[in-house]
Amino acid sequence: MAEAAQQQPHASPMATGIAVPSISDMGFNKPRHYDAEEEIHQKFWNPLYYYKALNQHRLRLNLPNPGQFEYLNKEIKTTMLTNYAIEGGRADLAKILSPNFQVMHSFQLGLPGGNPSAFEFAGVYADENTMMHGKMDTDFNLQARFNHALSKDLQLKVQSQLMTNDSQSMVQLEGEYTGSDYTANVKAINPSMVDGTGIYLANYLQSITPKLSVGAELLYQAPMPKVQETSISFAMRYQPSADRAWVAQTQGSNILTTSYWRKVSEKCEAGAELQMLNVPSQGRREASCSVGVKYDFAMSTFRAMADNFGKVSMLLEEKIAPGFSFLLSGELDHLKGENKFGIGINLES
Amino acid sequence: MNDSVKEIIIKGTAVGKFLLHWGYIPFIIYVGYKSSYPKPPLARIFSPMA
Numbered sequence: 001m002a003e004a005a006q007q008q009p010h011a012s013p014m015a016t017g018i019a020v021p022s023i024s025d026m027g028f029n030k031p032r033h034y035d036a037e038e039e040i041h042q043k044f045w046n047p048l049y050y051y052k053a054l055n056q057h058r059l060r061l062n063l064p065n066p067g068q069f070e071y072l073n074k075e076i077k078t079t080m081l082t083n084y085a086i087e088g089g090r091a092d093l094a095k096i097l098s099p100n101f102q103v104m105h106s107f108q109l110g111l112p113g114g115n116p117s118a119f120e121f122a123g124v125y126a127d128e129n130t131m132m133h134g135k136m137d138t139d140f141n142l143q144a145r146f147n148h149a150l151s152k153d154l155q156l157k158v159q160s161q162l163m164t165n166d167s168q169s170m171v172q173l174e175g176e177y178t179g180s181d182y183t184a185n186v187k188a189i190n191p192s193m194v195d196g197t198g199i200y201l202a203n204y205l206q207s208i209t210p211k212l213s214v215g216a217e218l219l220y221q222a223p224m225p226k227v228q229e230t231s232i233s234f235a236m237r238y239q240p241s242a243d244r245a246w247v248a249q250t251q252g253s254n255i256l257t258t259s260y261w262r263k264v265s266e267k268c269e270a271g272a273e274l275q276m277l278n279v280p281s282q283g284r285r286e287a288s289c290s291v292g293v294k295y296d297f298a299m300s301t302f303r304a305m306a307d308n309f310g311k312v313s314m315l316l317e318e319k320i321a322p323g324f325s326f327l328l329s330g331e332l333d334h335l336k337g338e339n340k341f342g343i344g345i346n347l348e349s
Numbered sequence: 001m002n003d004s005v006k007e008i009i010i011k012g013t014a015v016g017k018f019l020l021h022w023g024y025i026p027f028i029i030y031v032g033y034k035s036s037y038p039k040p041p042l043a044r045i046f047s048p049m050a
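Which chain is which? The protein sequence lines are A and B, in order.
Residue numbers for the first sequence follow the UniProt record's numbering, so the first one is 1 and each next one is one higher.
Residue numbers for the second sequence follow the UniProt record's numbering, so the first one is 1 and each next one is one higher.
No wet-lab data here; the hints were simulated from the structure.
Quantities reported herein were computed from a predicted structural model and do not represent experimental measurements.
Errors might be hidden in some of the hints.
Unchecked claim - In silico BS3-like cross-links for lysine-lysine, where the CA-CA straight-line distance does not exceed 30 Å:
id, chain 1, residue 1, chain 2, residue 2
1, B, Lys34, A, Lys95
2, B, Lys11, A, Lys152
3, A, Lys319, B, Lys11
Said to hold, decoys possible - For each label pair, taking beta carbons as the anchor points, the in silico distance ranges come out as:
id, chain 1, residue 1, chain 2, residue 2, range
4, A, Phe107, B, Pro26, 35 to 43 Å
5, B, Met49, A, Met276, 31 to 39 Å
6, B, Arg44, A, Ser288, 41 to 49 Å
7, B, Leu42, A, Asp139, 36 to 44 Å
8, B, Leu42, A, Pro64, 32 to 40 Å
9, B, Lys39, A, Phe140, 27 to 35 Å
Stated by the list, open to error - What the simulated footprint calls covered on chain B by chain A, stretch by stretch (three residues with Cβ under 8 Å from a Cβ of chain A suffice, anywhere in the stretch; the number is not a length):
id, stretch
10, 4-12
11, 15-25
12, 28-42
Note that CB positions come from ideal geometry on N, CA and C, so glycine has one too.
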């Protein structure tokens, strides 16, 4: 799936310094001003007059911008700990060298698999219009991200993974346009001008009422020169108030994901997610459900999650001193008997 | 599309990949170093302990 190619950076709490790209930071939030009372100076015989009149009707509806298509379920992604859990021992040493520039050294010990220890170097530069993030590990694999705001509405994003084993390298080019009540996004993954292979996506998200927004995504895949495949997905988000959100998304005609997020109080957020998979040709029908909760205290954040496969997991992040925080993560898989534990420190200086 | 044009594109992407792979992080460090005032000591960038 195209979703697998997207990067989820490890989120570290930044008490000071620049905004490190994280799941809850959805790009550049600049105030956008659209004038619905602007007088139209064109005349009725000018075809652009009708477009402008229609646009003003639309602006008078005063619909909010729905956000980005890939972050429709952003609240549930921060509540669930699937992106934050760690395994083994981990130390993230971040150095904020200036409000725009930051460098991070991260060490990992006790990882499962072939390579038990790892070191990664990451550099981030963030400007008003530009953000550059590069991460390189001891096997010389590079993960690079580049965001540039060409104007207040148009954003260009490039994401790339360059491995020493070149067949696994990928590059993703993305262009996003944010309108007053819609967002349009075009993505190309590994586009090749030579033989036309690659994965191309286009998605569009529109608010139709102040609480409801719907969107669609079109996927065109050409893994080999003569092989082509397309699919269409739909998404819907209903947000009756600022403290709860319902999201439903399909991926092609096989996968349906629904989620509900609720902010129970200032310190507590909870969410539930249900994912259903139905592939008639292979006879597979599977579903998975997870329930998670997040507690935000003054000096710590606690997350807990339970799965329908008998997995129970927990993550505790404790700010022991300004710039020093301690992470404890545990996952118990009762059905398979595989348990994972992690301990980590985040140090900022 | 001409075969020679395809050759140029393939070689060009290989060179571009090589430059991006090895030059991206040094480029970020260079841009960050130039734009920060006061200039941070280089030891802080390269050593985890500084």
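These are the hints, each one checked on the structure:
Pair hint lysine 34(B) plus lysine 95(A) holds up; C-alpha atoms about 16 Å apart against a cutoff of 30 Å. About 36 Å separates the Cα atoms of lysine 11(B) and lysine 152(A), which puts this hinted pair outside 30 Å; it is violated. In summary, the hint linking lysine 319(A) to lysine 11(B) is not supported, as the alpha carbons are separated by about 50 Å, beyond the 30 Å threshold. Remark: the range hint 35 to 43 Å for phenylalanine 107(A) to proline 26(B) is contradicted by a beta-carbon distance near 22 Å.
Between methionine 49(B) and methionine 276(A) the CB atoms are about 50 Å apart, so this pair departs from the stated range of 31 to 39 Å. Restraint check, arginine 44(B) to serine 288(A): a C-beta distance of roughly 45 Å satisfies the suggested window 41 to 49 Å. In this structure the hint that leucine 42(B) and aspartate 139(A) lie 36 to 44 Å apart at CB is violated, the actual value being about 25 Å. As the Cβ distance of leucine 42(B) to proline 64(A) is approximately 46 Å, the hint placing it in 32 to 40 Å is violated.
Checked against the hint of 27 to 35 Å, the pair lysine 39(B) and phenylalanine 140(A) passes, with Cβ atoms roughly 28 Å apart. With 3 residues having a Cβ less than 8 Å from any Cβ of chain A, the stretch 4-12 of chain B passes the three-residue criterion, so the hint holds. For the stretch 15-25 of chain B, the assignment as covered by chain A holds, since 5 residues bring a beta-carbon within under 8 Å of that chain's beta-carbons and 3 suffice. With 9 residues having a beta carbon nearer than 8 Å to a beta carbon of chain A, the stretch 28-42 of chain B meets the requirement of three or more and the stated coverage holds.
Of the hints listed earlier, those the structure fails to meet are numbers 2, 3, 4, 5, 7, 8, in rising order.
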